[in-house]
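Novice: What follows is the residue order along each chain.
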Amino acid sequence: MAVNYANYLRMEKMPLYWCPGCGDGIVLRAYIEAIDELGWDKNDCAMVSGIGCAARVTGYVDFHTLHTLHGRAIPTAVGVKMSHPDKHVFVFGGDGDIVHIGGNHFLHACRRNVDITVVLINNWIYGMTGGQHSCTTPSSAKASTAPRGSYEPTIDVCQTAIGAGASFVARGFAGDPIHLKKYIKEGLAHHGFSLIDVFSPCPVNFGRRNKLGDPVKLMEFMKNTLVSQAKAKRMSEEELEGKFVTGILHVDDKKPELTDSYKELVNKSQDSSDYWAKYVKGTLTDKDKYSITREELKGLYPYDVETPLKEWKKI
Amino acid sequence: MGRVEFLNANAAIAEAALIAGCGFYAGYPITPSSEIPERLSRIMPEKGVPFIMLEDEIASINACVGAAASGVKAMTASSGPGISLKQEAFGEACIMEVPIVVVNAMRGGPSTGLPTRPSQADIMQAKWGTHGDHPVIALAPCNAQEVVFETIRAFNLAEKFRQPVYLLIDGLLTHLHAKVYLPDPEEVEIIDRDQPTVEPEEYYPFDYNYEIPPLAKWWTEDGKSYRFHISSLNHDKTGFPTVVPKYVQWQEKRLQNKILNHIDEIEKFEYYKMDDADVCIVAYGSTAESARVAVDEAREEGLKVGMFRPITIWPLAEKQLKELGDRVKSIIVAELNLGQYLLEVERVIAGKIPIYSVLQAAGVPIRPNQILEKVKNPEKDVEICLSDEEVKSFGGGE
Chain G
1 MAVNYANYLR
11 MEKMPLYWCP
21 GCGDGIVLRA
31 YIEAIDELGW
41 DKNDCAMVSG
51 IGCAARVTGY
61 VDFHTLHTLH
71 GRAIPTAVGV
81 KMSHPDKHVF
91 VFGGDGDIVH
101 IGGNHFLHAC
111 RRNVDITVVL
121 INNWIYGMTG
131 GQHSCTTPSS
141 AKASTAPRGS
151 YEPTIDVCQT
161 AIGAGASFVA
171 RGFAGDPIHL
181 KKYIKEGLAH
191 HGFSLIDVFS
201 PCPVNFGRRN
211 KLGDPVKLME
221 FMKNTLVSQA
231 KAKRMSEEEL
241 EGKFVTGILH
251 VDDKKPELTD
261 SYKELVNKSQ
271 DSSDYWAKYV
281 KGTLTDKDKY
291 SITREELKGL
301 YPYDVETPLK
311 EWKKI
Chain L
1 MGRVEFLNAN
11 AAIAEAALIA
21 GCGFYAGYPI
31 TPSSEIPERL
41 SRIMPEKGVP
51 FIMLEDEIAS
61 INACVGAAAS
71 GVKAMTASSG
81 PGISLKQEAF
91 GEACIMEVPI
101 VVVNAMRGGP
111 STGLPTRPSQ
121 ADIMQAKWGT
131 HGDHPVIALA
141 PCNAQEVVFE
151 TIRAFNLAEK
161 FRQPVYLLID
171 GLLTHLHAKV
181 YLPDPEEVEI
191 IDRDQPTVEP
201 EEYYPFDYNY
211 EIPPLAKWWT
221 EDGKSYRFHI
231 SSLNHDKTGF
241 PTVVPKYVQW
251 QEKRLQNKIL
261 NHIDEIEKFE
271 YYKMDDADVC
281 IVAYGSTAES
291 ARVAVDEARE
301 EGLKVGMFRP
311 ITIWPLAEKQ
321 LKELGDRVKS
331 IIVAELNLGQ
341 YLLEVERVIA
351 GKIPIYSVLQ
361 AAGVPIRPNQ
371 ILEKVKNPEK
381 DVEICLSDEE
391 VKSFGGGE
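In order, the protein sequences belong to chains G and L. Taking the numbering used here, the leading residue of the first sequence gets 1, the next gets one more, and so forth. Taking the numbering used here, the leading residue of the second sequence gets 1, the next gets one more, and so forth.
There's no promise every hint is true.
Said to hold, decoys possible - Okay, derived cross-link-like pairs now, DSS-like style, lysine-lysine, Cα gap no bigger than 30 Å in a straight line:
| # | chain 1 | residue 1 | chain 2 | residue 2 |
| --- | --- | --- | --- | --- |
| 1 | L | Lys237 | G | Lys298 |
| 2 | G | Lys313 | L | Lys179 |
| 3 | G | Lys314 | L | Lys392 |
| 4 | L | Lys376 | L | Lys304 |
| 5 | G | Lys314 | L | Lys268 |
| 6 | L | Lys179 | G | Lys278 |
| 7 | G | Lys181 | G | Lys13 |
| 8 | G | Lys289 | L | Lys179 |
| 9 | L | Lys179 | G | Lys87 |
| 10 | G | Lys313 | L | Lys246 |
| 11 | G | Lys310 | L | Lys319 |
| 12 | L | Lys179 | G | Lys298 |
| 13 | L | Lys127 | L | Lys268 |
| 14 | G | Lys314 | L | Lys179 |
| 15 | G | Lys185 | L | Lys304 |
| 16 | L | Lys322 | L | Lys253 |
To be clear, the hints were calculated from the coordinates, so they are not data collected in a lab. Bear in mind that the values here come from a model prediction, so they are computed numbers and not experimental data.
All chains should be built: construct the whole structure from the sequences, respecting the hints.
Specialist: Encoded structure:
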C-alpha cells in the first residue's frame, strides 16, 4: 500500500532544507515508512532534536516536536518520556550532536535503557557549521579544521552503544533504504533504548573537501567501508579493520526498561503509609492533618507579607 | 490543614514543590542542595510523579525543559558550578518560554568555591548568567517557612509568565533545621499555565495576539493532542526559526515586556520598622535575619533604624528603592558578596543619599553586631567577626 507521506509531514515547510545529494531525506523517508507500517498515530508521537542538519527533521515531521540545544536532545527526550511513558518518543540527530557533544547523555541513555529510539545520521562531519571534523571523521580524512587530514582516531558508535548497555543497536546506510526501513521499524517497535546508526553522505562538506567526486561516488565510497553482518562473519580481523558492520547488531529483550522500573518503584512506594502515598490514595485522616492557628503560623512566619495560603492572605 | 515538621530549607523546598504540583524533578548531587533530591527521591514515587538523577547538571535541566514543554511542572536544583553548567538551558527555557523552577543554593566562588559555606554571590549571575537579552525572575526567601511559601510562588510565577524562575537560597538556610508548616495542596493558591481556547489546528505556541501566549499541554486531560513545534532559535508565532527582523525584535521585546508590564504582581518585599527610620538596611535572604536582629538592637539603643528586604530579587524593586531615597537619610546594603545588589541600589539612588555597605565573601554569615557597628560608624570598614576559638575551629590554611 502506498504511504501517504503528507500525513506525517508539515508540507508547508517544504522544500527540504538539505543540500542536493544529502542522505537525510532518504533516512526521513525510510523513517516515515516505518512509522506508517507500525500504524502509529502521529498524535502519540513526540520527537526531540538538538542542533545540526539532521536535527532539522523535527521541523518537518508533524508530531509534537522540540528543537532544543546542541547535544541535549537525549536528556530532553528523557524528560518527555519520563513524564509520558505511554507515548512514543524519538530523537533524530547527527554524529556531532548525539555522540560528540552529547556523548555523555548518549552513554547513560544506553545504560538506563529508556524507551527512546535514536536515529543517528552519521555523515562523518559537522555539516551545518561548515565541515569541521567530528569524532566520527575517518582518520586522515580532510575537514575544514583538518586541512591536512584528521589526526584523531574515529569511533564505532554501535560498539560504544552495545558496551554502554543499549538494548537495540543497528547500523544502516542511506544507500540501502530497504534494509534501513526494516532496522528503523524494529528499533521503533523495540521496548527499550534503540539506536539506529545510519551512514549518510555529506557531499558538500565531506565529499567535496576529500575530492571524492559527485554524491553517487561518495555513496559508493561510503558503501565500501560497510560490510553486512553475514559477510563480516566470514572475514578475518585484519580484513575487518577499518570496516563497519551493518545490520541489527544487538538485541536484548530482557533488560528492564526505565519507565517500567520506575512504575514498579511507584507501586512499591505507594504501599507505604507516608503522607504523599496516603494523599494520592485519599486515605489521609484527621490524625495526619494539623490545623495551625494564626498565632502559631505567625511564630514561624512573622513577616507582614502575603502568604499563598488561601485563608490567611496576609499574616 | 497541613503538617508541621522539623526541616531544613532543602527538605522544605522538596515538600513545597510537591504541594505546588511539581510533576518532574531531574537533578545531580551537589552540596549544599543535595537534600532536595534526597527528600524527593522518597516522596515523588509516593505521589507517583517522575524523579530521576541524571548524568550531569546539563542533562538534568534539559530534561526539565523537555518535561515542562510537554505539559508538566518541573524543577531542578543545584549550586555554584552546577548552576554555571545549567546556564545554556536556562536561556533555552527563557526563549522557549517553558516554565521551570531552578533552585540555586549559592556557595560563592568562582569555580568550586566554598561548597559547604553560605554566600549570596550569584545575584548577578541569576540575571546575566545566560547569554542574550532575557528577563529573569529570582526569589530569595529568608527562612525555612518562607522557603515553603516562596517555592510555591516560584512555581506559580513560572506557570503564569511562561518563564524559568530562580529560587536563591544558601548553605545557611539549607543546613539549618527549623519548625515548618507544610500546608495541604488544597490550602494554597496554585496557578497552572493557561491553556489555549482554540482547537489544536488553530493553535500557535507564540500567538501574536497575546502578551503571554498560552502554552498548550501536548496531551490534554480531555484527550486532545496539540502538535506544535518549539525551536530554541529565535522563532515566529508558529515556533519555527525566523531571521525576519520584525519578528525577532517583536519576540525579544515581548520577552522583556511580559515581565516589565507585570512588575507589581511579581515584586514582593518586607519593610521592617521602617515607619520612622532614618537609616535603612537593605538585606535579603539569610542575611536579612541578621539585619533584623541588628535593627532590634539599634532600636533598643534609640537609633532609628529599619530594614527593607526584597524577597523578589529580579526584577528589581526599583520603585521601592527609589522611594527609600526620599524617605531615609542613608542606606546600608548588607550582603554576602563583594557588592552585587549594591550596584543596583547605587544605580537607582543615583547619589541622592549616602549608601554604605557591609560586604563579606568569607564563607561566614554577616553577624548583627557587624551591621550595628556600621550603623554607628558608617565610614569605617567592618571586619570579619569571629572569636579566636571559632577561627581555630576552621583549621588549616594560613
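Novice: Next step is simple, just say for each hint if it's right about the structure.
Specialist: We went through each hint and held it up to the structure:
1. Between lysine 237 of chain L and lysine 298 of chain G the CA atoms are separated by roughly 47 Å; this puts the pair beyond 30 Å, and the hint is violated.
2. Distance check on the hinted pair: lysine 313 of chain G and lysine 179 of chain L sit about 21 Å apart at the alpha-carbon level, within 30 Å; holds.
3. With a CA separation close to 45 Å, the supplied pair lysine 314 of chain G and lysine 392 of chain L exceeds the 30 Å bound.
4. Simply put, lysine 376 of chain L and lysine 304 of chain L have alpha-carbon atoms about 11 Å apart, close enough for the 30 Å limit, and the pair holds.
5. Pair hint lysine 314 of chain G plus lysine 268 of chain L holds up; C-alpha atoms about 12 Å apart against a cutoff of 30 Å.
6. Restraint check for lysine 179 of chain L and lysine 278 of chain G: the C-alpha separation of about 22 Å stays at or below 30 Å, so the hint holds.
7. This hinted pair checks out: lysine 181 of chain G and lysine 13 of chain G have alpha carbons roughly 23 Å apart, not beyond 30 Å.
8. A threshold of 30 Å between alpha carbons decides the hint, and for lysine 289 of chain G with lysine 179 of chain L the separation of about 16 Å falls inside it, so the pair holds.
9. Between lysine 179 of chain L and lysine 87 of chain G the alpha-carbon distance is near 42 Å, which puts this suggested pair outside the 30 Å criterion.
10. Of the supplied pair hints, the one linking lysine 313 of chain G and lysine 246 of chain L is violated, its CA atoms being roughly 43 Å apart against a limit of 30 Å.
11. Restraint check: the Cα-Cα separation between lysine 310 of chain G and lysine 319 of chain L comes to about 28 Å, which is no more than 30 Å; the hinted pair holds.
12. The hinted pair formed by lysine 179 of chain L and lysine 298 of chain G meets the criterion: a straight-line CA distance of about 12 Å does not exceed 30 Å.
13. Taking the CA atoms of lysine 127 of chain L and lysine 268 of chain L, the gap is about 17 Å. The hint holds against a cut of 30 Å.
14. Pair hint lysine 314 of chain G plus lysine 179 of chain L holds up; C-alpha atoms about 20 Å apart against a cutoff of 30 Å.
15. Distance check on the hinted pair: lysine 185 of chain G and lysine 304 of chain L sit about 76 Å apart at the alpha-carbon level, beyond 30 Å; violated.
16. Taking the CA atoms of lysine 322 of chain L and lysine 253 of chain L, the gap is near 25 Å; set against the 30 Å cutoff, the hint holds.
This entry does not satisfy hints 1, 3, 9, 10, 15, going by the numbered hints stated previously.
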